[in-house]
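In terms of mature numbering (1 follows the signal peptide of the UniProt record, and there is no 0), the sequence shown is residues -21 to -1, 1 to 205.
Derived from the structure by calculation, the hints contain no laboratory data.
One should not assume that every hint holds.
Pair ranges (Cβ atoms, derived) [unchecked claim]:
#	residue 1	residue 2	range
1	122	2	18 to 24 angstroms
2	125	164	21 to 27 angstroms
3	139	92	49 to 55 angstroms
Quick caveat, the model's predicted, so the values are computed rather than measured.
Note that the Cβ used here is the ideal one computed from N, Cα and C, for glycine as well.
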Amino acid sequence: MALPLLPLLLLGGLMARGGAGAEPCRAPGQWEGRSVRYEHGTGRNTRAAVSYDGLNQRLRILEERKALIPCKNNASCGLGLSSFYNGKEIRALRADGDVGRRADAVMFQIEQVTKLCSKTALTEPWDPYDIPANSTFEDQYYIGGPGDQIMVQEWSDRKPARKLESWVGVYTVKDCYPVQETYTKNYSVTTSTRFFDLKLGIADPSVFTPPSTCQTAQPRKMKDEC
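From just these sequences and the hints, can you work out the full model?
Structure follows, in structure tokens:
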């Protein structure tokens, strides 16, 4: 009576191995593309052009705005901010500072119309766009439909002792491109970022160099509120 169960047991074992044996792929170290960051607390979507240099721990984000929008208190919206980061290694936040020196990690923000610049120190460690080696495999599935689909894997920082995760990343199986990253804090989703139109390499490395106006940068972070 036990023999008919054998094929089922073997099949179950293969399915279990498929998830448990999955290894995180290695994401590209340098790429450019576009992103949409959604802040769940405010309901705000921010579209941006992204230049990512994980090898040198640098990130440039250029917000895309369709028009200038008048703001409250004579403030000005829709100027578009460029963010430049540098730093040292470790995972936590998309940021970085002067190459090779985590203590000097800084962020520059530049208004594209006025060219006003701010410079603030970063205290959070560099957080690359990749899948940490100790990540937990969550799922593998196709995005799209028949004839037009791509296979992706979903990973998280969930551990057996903690049921909930604070980070979930979706990456393509082929070439390990980032598709989406979601961060949670205090049991609620804080941000979700989608990536698209990715191209390998950095077309113009000078995009990581702050303009001359940053030599007299304001020592505080810019606010972009309407």
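Tested hints:
1. Between residue 122 and residue 2, the C-beta spacing of about 21 angstroms keeps the proposed range 18 to 24 angstroms intact.
2. Taking 21 to 27 angstroms as the suggested C-beta distance range, the pair residue 125 and residue 164 does not conform, at roughly 38 angstroms.
3. For residue 139 and residue 92, the Cβ-Cβ distance of about 51 angstroms falls inside the hinted range of 49 to 55 angstroms, so the restraint holds.
This entry does not satisfy hint 2, going by the numbered hints stated previously; all others are met.
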